[in-house]
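Model the full assembly from the supplied sequences, consistent with the hints where possible.
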Amino acid sequence: MSGLPPRLLRALPWLLLAVAVALPWIAQALDQVFYIGVARRILIFALAAASLNLILGFGGLVSLGHAAFFGVGAYGVGILMVEGVRSAWIAWPLAVLAAAAFALAIGAVSLRTRGVYFIMITLAFAQMVYYVAVGLKTYGGEDGLNLPGKSQVGLGIDLSHDITFYYVVLALFAASMFLLNRLIDSRFGRALIGVRENESRMEAIGFATYRLRLIAFVIAGALAGLAGVLFANHNSFVSPVVLHWTQSATLVIMVILGGIGYRYGGLYGAATLLLLEEVLSMYTEYWHLALGVLLLVVVFAAPRGLAGLLTRKSH
Amino acid sequence: MALLAVERLSKRFGGLVATEAVSLGVEPGGVHALIGPNGAGKSTLINQLSGSLAPDSGRIFFDGEDITARAMHERVARGLARSYQITNVFKRFSALDGVALAVQARSGSSLRFWQPVQRERALFDQAAAVLDRVGLGARKDTPAAALAHGEQRQLEVALALATNPRLLLLDEPMAGQGPDESARMIELLGQLKGSVTLLLVEHDMDAVFRLADTISVLVYGRLIASGPPAAIRANEEVRRAYLGEEEVTP
Amino acid sequence: MSSILIAEQILNGLQFGLMLFLLAAGLTLVFGIMDLMNLAHGSLYMIGAYLMATLLAATGNFWLALPLAVLATALVGLVLEVALMRHLYARDHLAQVLATFAVILIADDLVKMIWGPAPLMLNAPPSLAGPVELLPGFYYPAYRLLIIGVGLAAAIGLYLLVTRTRAGMLVRAGASNREMAAIMGVRVQRLFMAVFVLGAALCAVAGALLGPVLAVEVGMGENILILALVVIVIGGIGSIRGAFVGALLVGLVDTAGRAFLPSLLNAVMPLNVAANLGPALAAIAIYLLMAIVLIAKPTGLFPARG
Chain G
323 MSGLPPRLLR ALPWLLLAVA VALPWIAQAL DQVFYIGVAR RILIFALAAA
373 SLNLILGFGG LVSLGHAAFF GVGAYGVGIL MVEGVRSAWI AWPLAVLAAA
423 AFALAIGAVS LRTRGVYFIM ITLAFAQMVY YVAVGLKTYG GEDGLNLPGK
473 SQVGLGIDLS HDITFYYVVL ALFAASMFLL NRLIDSRFGR ALIGVRENES
523 RMEAIGFATY RLRLIAFVIA GALAGLAGVL FANHNSFVSP VVLHWTQSAT
573 LVIMVILGGI GYRYGGLYGA ATLLLLEEVL SMYTEYWHLA LGVLLLVVVF
623 AAPRGLAGLL TRKSH
Chain V
884 MALLAVERLS KRFGGLVATE AVSLGVEPGG VHALIGPNGA GKSTLINQLS
934 GSLAPDSGRI FFDGEDITAR AMHERVARGL ARSYQITNVF KRFSALDGVA
984 LAVQARSGSS LRFWQPVQRE RALFDQAAAV LDRVGLGARK DTPAAALAHG
1034 EQRQLEVALA LATNPRLLLL DEPMAGQGPD ESARMIELLG QLKGSVTLLL
1084 VEHDMDAVFR LADTISVLVY GRLIASGPPA AIRANEEVRR AYLGEEEVTP
Chain E
3 MSSILIAEQI LNGLQFGLML FLLAAGLTLV FGIMDLMNLA HGSLYMIGAY
53 LMATLLAATG NFWLALPLAV LATALVGLVL EVALMRHLYA RDHLAQVLAT
103 FAVILIADDL VKMIWGPAPL MLNAPPSLAG PVELLPGFYY PAYRLLIIGV
153 GLAAAIGLYL LVTRTRAGML VRAGASNREM AAIMGVRVQR LFMAVFVLGA
203 ALCAVAGALL GPVLAVEVGM GENILILALV VIVIGGIGSI RGAFVGALLV
253 GLVDTAGRAF LPSLLNAVMP LNVAANLGPA LAAIAIYLLM AIVLIAKPTG
303 LFPARG
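Residue numbers (this note's numbering), protein chains in the order written: chain G, 323 to 637; chain V, 884 to 1133; chain E, 3 to 308.
Derived from the structure by calculation, the hints contain no laboratory data.
Do not rely on the hints blindly, as some may be mistaken.
What the hints assert, rightly or not - Only pairs whose alpha carbons sit at most 25 Å apart, straight line, appear in this in silico SDA-like list of lysine to any residue: (1) G:459 x E:279; (2) E:299 x V:1061; (3) E:114 x G:507; (4) E:114 x G:459; (5) V:974 x G:619; (6) V:974 x V:1024; (7) E:299 x V:939; (8) E:114 x E:134; (9) V:974 x G:507; (10) E:299 x V:895; (11) V:974 x E:37; (12) G:459 x E:276; (13) V:974 x V:1004; (14) E:114 x E:69; (15) E:299 x V:952; (16) E:299 x E:229; (17) E:299 x E:287; (18) V:974 x V:1061.
Said to hold, decoys possible - Here are some, though not all, of the chain V residues that point toward chain G, as calculated from beta-carbon distances under 8 Å: (19) 960; (20) 965; (21) 968; (22) 973; (23) 975.
What the hints assert, rightly or not - From chain G, some residues computed to sit far from chain V (all C-beta separations above 12 Å): (24) 339; (25) 423; (26) 478; (27) 531; (28) 533.
Just so it is clear, CB atoms sit at the ideal spot from N, CA and C, and this is done for glycine as well.
So, in C-alpha cells, the structure goes:
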C-alpha cells in the first residue's frame, strides 16, 4: 500500500472539516436532516476516541476503562440538570472537572501497574463506576435518567435546536483536536511519546515518567468527560449503558481501527465504525456479523489502521 | 570529598547475595573502573547506584547528599547518569531526536503543552553538539535502529552525556565492539576525562588499564581490592580471582 | 443468618467458582503460552451452551448430549484456531483485541441467525431435578452437586495432565518461557493448537453445565468473559493453580457478596442507603478483590512467568 500523497494527507482533515461545516445545508437540501444527528453522534465519539488515542496511541497505555470518564461527564451534567443546575456554563465545567478528578484517582492507582495488569485494573475501576451508576436508584438506576431537555447556554444559542447544537459540538470537537495536536508537538507530547517508546530510558535521562503519564491520563479523562457531557445533551438521556465495559472496548476498537498514534486516528476510527453501523444496519439486521468481518479484514489488510493505510511511511 | 560515596551497600535475591556490604568512594575528575568476573554483581551495583534497583541495606551519597531513597530521575537531575550494557535507546527515533529528549529533560519543565518543541533550536543544537562529541554527528538523522552496533554504543553514551552529568556510570560501553570501535570509544572516554567523572564497569582490560586512575575489584558481590592500577595488578588475591586468566600486558 | 444458609451459599460459590475455573484455565493457558489476548473465549462458552441445548432437544438424553456438545465445540475451536488464531500469535495484543472482538460480533450474530434472538430452554436432567439431603435438614439441588463434582473432576484431571504427563510438562514449559520451549524443540504449532482446543472443550463443559442454572442467550459470553479475566489476573497469568484459586475466590466472594452484603449493610445503616449500596457493593466486590490482590502482588498470586 503506498498511501496518499503527503499534501493530500495533510489536507484531508481540513476537507473533512469543510464537509462537516457544510453538512447541515447539504442534509437539508437532500431532505435528510436525520443525518445531522448521526454526524453529531460521530463527532461526540470521535472526541472520546481522540482522547483515548492520546493515552493509548501516544502514551502506549491500553486503558479498558475509558468509558468511565465519558460516563462521569454524562452523569455529571445529567444529575446537575435534574437537580436544577441547567446552565451549561456551570454544569459543563463541573462535569468535566468531575471526570478529571476520577481520572486522577483511577490513574494514580492504575499507573503503578504495567501491561495486561494495567488493562485489567482500569477495567475493574470502570466496572465499579458502572455498578455505582446502576445502584443510583434516585437517578434512574439501571433504567437510566431522562433529562428535562438540554443545557442552557444563553447568548442566543439554543441547544434544543438541532443545527445549533450540531455546530456547538463541531466547534468543541475542532477546538479539542487543535489543542491535542499542539499538545502532541509540545515538550509534554514528545516526552509522552518517549515514555511509550522506552520508559526505562526516559527515567534514566531524567524524566518523571509516572507524573507524565498521570497528567496525560487526566487530560484524556477530562476530554472524554466533555464528550460525555455532549452525549447526555444529545440524547437528553443518560444510563449506565455508557459505562459498560463493552463501551470501553468499543472506544479501544475505534482507536485501533482508525490508527493508533496517528493524529486523526480517533476521528477516522469513530467515523468509520459508526458510519458502518448506520449503513450496514440499513441492509441487514445482522450487521454485527458484517462489521465483524470488516474488522477482520482491517486487522490483516491494514495493520496500522486506516490512518496507517493512508500514510506512506511511519509517523 | 568523594563525589560518590557508597557505604556498605547490600542486595540479595532470595538465596543469592549480589552485593555484599560494598563500600567505595569515587573522587571527582578521574576515571574509576570497576572490574570483576562475570556474575560478580557489577551491573547490580550500577543499578543500585543509578536508582533502578533498591538496595536491601547501606547508603549512597552523591556530593554529600544521601540519595539512597531518591528515584532514578531525581538522581539524574542531580548529575548522576548512566549508560546501559545492553543497548537501550529509542529505536524508532533519530539519534538527534533521542538525544534532544535528554537535553529537554534538563533544560526546563516538560509540562509545556502549547509550543511545538521543533521551534526550540537551542535544544536541537545542543543535542547535535553532544552527538558530534561522541562522533555520531554525521548520523544524527538516522533512526537508532538503523545504526551499526558500534554507533548504537556511541548513542548510548551520548544519551547519558546529554543530561550534563557530573558523574557518569558506564556499564560496559565496550560491549560487543570490534577493535576499531573500541579504540574510538577509549579515545572518547579519554576526552571526557576531566570534565566528567567516570565510573566505568568493563571487561576490556586494555581499556581499563589505559584509562583508569583507580580500580575496584568485585568478586561474588564483595569488593576485594581498590586502588591505583599498579597496585591492583600486583595484588595476589586479585590475580587469583580474576586477572590470572586474562592476558595483561605490563 | 442460619448456618444452613451460609453452607448453601458456600456450595453455590464453590459451584460457580469451579465453572469459572474451567473457563479461566483455558483462558490463562492461551494467554500464558501463546501470549494471545482472546476476547472470543466467552463466545466458545456460548456456543457450547447453545449446542448443548440443541443436542439435548435432539437426543432427549442429557448424558449423550453433553459429550457430543463438548466435542462439537472443540471442533469449532479447532477451526477457529487454524483459520484465525494462529495468524494472531505473532501480532501485538491490540491487533489480537481487534480480531477477537470481531469474532465476538460474528459469533453473536451467527448464533442469532441460527437459533433466533430469544433465550433457549436448557433443563437439568430429570434424574437430578430434585434436592439431595446432605445433612439432616440441609437440602441442596442435586444438579448443582453434579456441577461441583464435574468441576472437581476436571480440576484434578487438569492437574494430573499438567504435572504428570509429558504433554503437561510441555505446557508448563511453554507457559513460563515460550522462546526457550521453541528452541528446545517443542513442536510449537501443535502444542498451541492442542491448548486452544482444550480451552474450547473446557468452555463447552462450563457452558453446557451452567445452561440450566444461568440463561442461554446471546451475550452470555461477554458477561462471563469479564469474570474469567478477573480470575486469571488474580491467579496469575499462565498458572492453572492460580486459575483454580482465583476462580474459587471470585466464585465465593461474588456469591457470598450478593447473598450477604445487602443484609449485612441493612444491619448497620439506614434502609434506603443500604438498598442502593448493598447490590452495588456486592457487584463491585470481585473488582475490589482484584485491585487488592494486585496492590499486594502486582503479577497475581501464582505468576507462571519468571
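Checked hints:
no.: 1; hint: G:459 x E:279; verdict: holds, 10 Å
no.: 2; hint: E:299 x V:1061; verdict: violated, 44 Å
no.: 3; hint: E:114 x G:507; verdict: violated, 47 Å
no.: 4; hint: E:114 x G:459; verdict: violated, 32 Å
no.: 5; hint: V:974 x G:619; verdict: violated, 29 Å
no.: 6; hint: V:974 x V:1024; verdict: holds, 12 Å
no.: 7; hint: E:299 x V:939; verdict: holds, 19 Å
no.: 8; hint: E:114 x E:134; verdict: violated, 37 Å
no.: 9; hint: V:974 x G:507; verdict: holds, 19 Å
no.: 10; hint: E:299 x V:895; verdict: holds, 20 Å
no.: 11; hint: V:974 x E:37; verdict: holds, 23 Å
no.: 12; hint: G:459 x E:276; verdict: holds, 12 Å
no.: 13; hint: V:974 x V:1004; verdict: holds, 23 Å
no.: 14; hint: E:114 x E:69; verdict: holds, 24 Å
no.: 15; hint: E:299 x V:952; verdict: holds, 22 Å
no.: 16; hint: E:299 x E:229; verdict: holds, 19 Å
no.: 17; hint: E:299 x E:287; verdict: holds, 18 Å
no.: 18; hint: V:974 x V:1061; verdict: holds, 22 Å
no.: 19; hint: 960; verdict: holds, 6 Å
no.: 20; hint: 965; verdict: holds, 6 Å
no.: 21; hint: 968; verdict: violated, 13 Å
no.: 22; hint: 973; verdict: holds, 5 Å
no.: 23; hint: 975; verdict: holds, 6 Å
no.: 24; hint: 339; verdict: holds, 21 Å
no.: 25; hint: 423; verdict: holds, 19 Å
no.: 26; hint: 478; verdict: holds, 31 Å
no.: 27; hint: 531; verdict: violated, 7 Å
no.: 28; hint: 533; verdict: violated, 9 Å
Of the hints listed earlier, those the structure fails to meet are numbers 2, 3, 4, 5, 8, 21, 27 and 28, in rising order.
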